[in-house]
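Enquirer: Go ahead and model the full structure; you've got the sequences and the hints to work with.
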Amino acid sequence: MTKVLRDKHIVLGVTGGIAAYKAADLASRLVKAGAVVDVVMTEAATKFVTPLTFQALTHRPVVTEMFALLRETEIGHVSLAQRMNLLIIAPATANTIAKLAAGLADNMLTATALDTRAPILLAPAMETGMWENPMTQENMARLQKRRDVTVVGPGVGRLASGGVGPGRMAEPAEIVDWARIVLGRRGPLAGRQIVVTAGGTREPIDPVRFVGNHSSGKMGYALALAARDRGAKVTLVSAPTALPAPVGLQLVTVQTAQEMYQAVLASLSESDALIMAAAVADYRPAVAAAHKLKKSGAGLGLELVRTPDILAEVATRRAELGRPRVVVGFAAETQDLVANAQAKLKAKRLDLMVANDARQAMGADVNQVTLLDAAGGVEELPLLPKDEVAERVMDRVVELLGLRSEAGGA
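Add 16 to a position in the sequence shown, counting from 1, and you land on the number used in our numbering.
Calculated from the structure, these hints are not laboratory results.
Some clues are possibly wrong.
Derived SDA-like pairs: lysine to any residue, alpha-carbon spacing no greater than 20 Å straight-line [as the list claims (entries may be wrong)]:
hint	residue 1	residue 2
1	Lys362	Ala331
2	Lys364	Ala391
3	Lys364	Tyr277
Here are the computed distance ranges between Cβ atoms for each label pair [as the list claims (entries may be wrong)]:
hint	residue 1	residue 2	range
4	Val382	Asn356	16 to 26 Å
5	Arg322	Arg99	56 to 66 Å
6	Ala391	Glu148	57 to 67 Å
7	Asn149	Pro398	50 to 60 Å
All residues carry an ideal CB built from backbone N, CA and C; glycine is no exception.
Expert: Next comes the structure, spelled out in structure tokens:
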């Protein structure tokens, strides 16, 4: 469950376009993330998806009428406008965008949008010609100038007409990501620079082979998102992974330990916290062959040499720069977990160490970690999904930075 969305009141406005079917998936994702979701549908939207679909997904009544009373004494659009944390309109048709830009309130959705002071997230969906029409673009510009409006998409692809071009509604997963960003931007890490490393480095043997490890990058990516959701400006230094690039942060891709070393050191002077979740190779081949090595009857011997110790160098630079204020390391061990992690914590002068069993954590969606701090504290967490582990670690980072501990909100 995503902490920044937990218990937030989100109004999902659904307008009349074929992409309305995607809004059902969006509603489901928001509910699963812990949000309270009220759906407001225009009359045209009900021609594409029935209100019953959204009621079944949200377990709340769906509002379709302009003068609906949510309770005996509540005026619908006023009540929704006052208590919502975020208004999402997906799909947002050209017609609805024009009404919003003009300040019209001729249906329940536009009346609610006009009355609310909550931020608005728009996911436009329409034919390419409609989207590119200067009037639509002027309406979008006017909206963004006058209101707290974030626009997601539209994407480029096949449209209902059979044509191909810009106009597809953004995918529900991307909209949820942006909802997290909007709701978290005033969080406890607002204005802070956080650097996170992720993935396993690859040290080349030849152009097609490398020395590597089983790291999936999932833990590091979860940490980067948890920092982003608390309002931080995040730089994610990522070795190769199969994970999609996260939205709302700076992604720096690297391959080798040397490249990660350079990227991390380049970020230190402006960072408030560094979280080294990457599985950095300790050794690399002394020489990488210029061409693919061919098989022969004999075996293949590799001479390995040490890669740069990133955390050791960070400790030295930190003493000179006074930054980053907080450094978090990860210890992937296969024996003597706590003892080895404590030794690394002291040797690298870390503020927090996250220790886990490498045999169980790498590539998995869950992780069981022990948190060790510089004051000698040891906290063993239960087996948790990696995104929940990331939330716990980021809570500790917030505390170490001396900031308020809640996840943030709008």
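Enquirer: Given a hint of 57 to 67 Å, does the C-beta separation of Ala391 and Glu148 actually sit inside it?
Expert: At roughly 59 Å between Cβ atoms, Glu148 and Ala391 fall inside 57 to 67 Å, so the hint holds.
Enquirer: Tell me if the straight-line CA distance from Lys364 to Ala391 falls inside 20 Å.
Expert: At roughly 14 Å apart (the allowed maximum being 20 Å), Ala391 and Lys364 satisfy the hint.
Enquirer: Is the gap between the beta carbons of Val382 and Asn356 within 16 to 26 Å?
Expert: Cβ of Val382 to Cβ of Asn356: about 22 Å, so the range 16 to 26 Å holds.
Enquirer: Going straight from one Cα to the other, do Lys362 and Ala331 come out at no more than 20 Å?
Expert: Holds - the C-alpha atoms of Ala331 and Lys362 are around 11 Å apart, at most 20 Å.
Enquirer: Check the hint pairing Lys364 with Tyr277 against an upper bound of 20 Å on the C-alpha distance.
Expert: 15 Å, holds
Enquirer: When you take the CB atoms of Asn149 and Pro398, is the distance between them in 50 to 60 Å?
Expert: Holds, since Asn149 and Pro398 (Cβ atoms, about 55 Å apart) stay within the stated range.
Enquirer: Is 56 to 66 Å right for how far apart the beta carbons of Arg322 and Arg99 are?
Expert: 58 Å, holds
When held up to the earlier numbered hints, the structure conflicts with none and fits them all.
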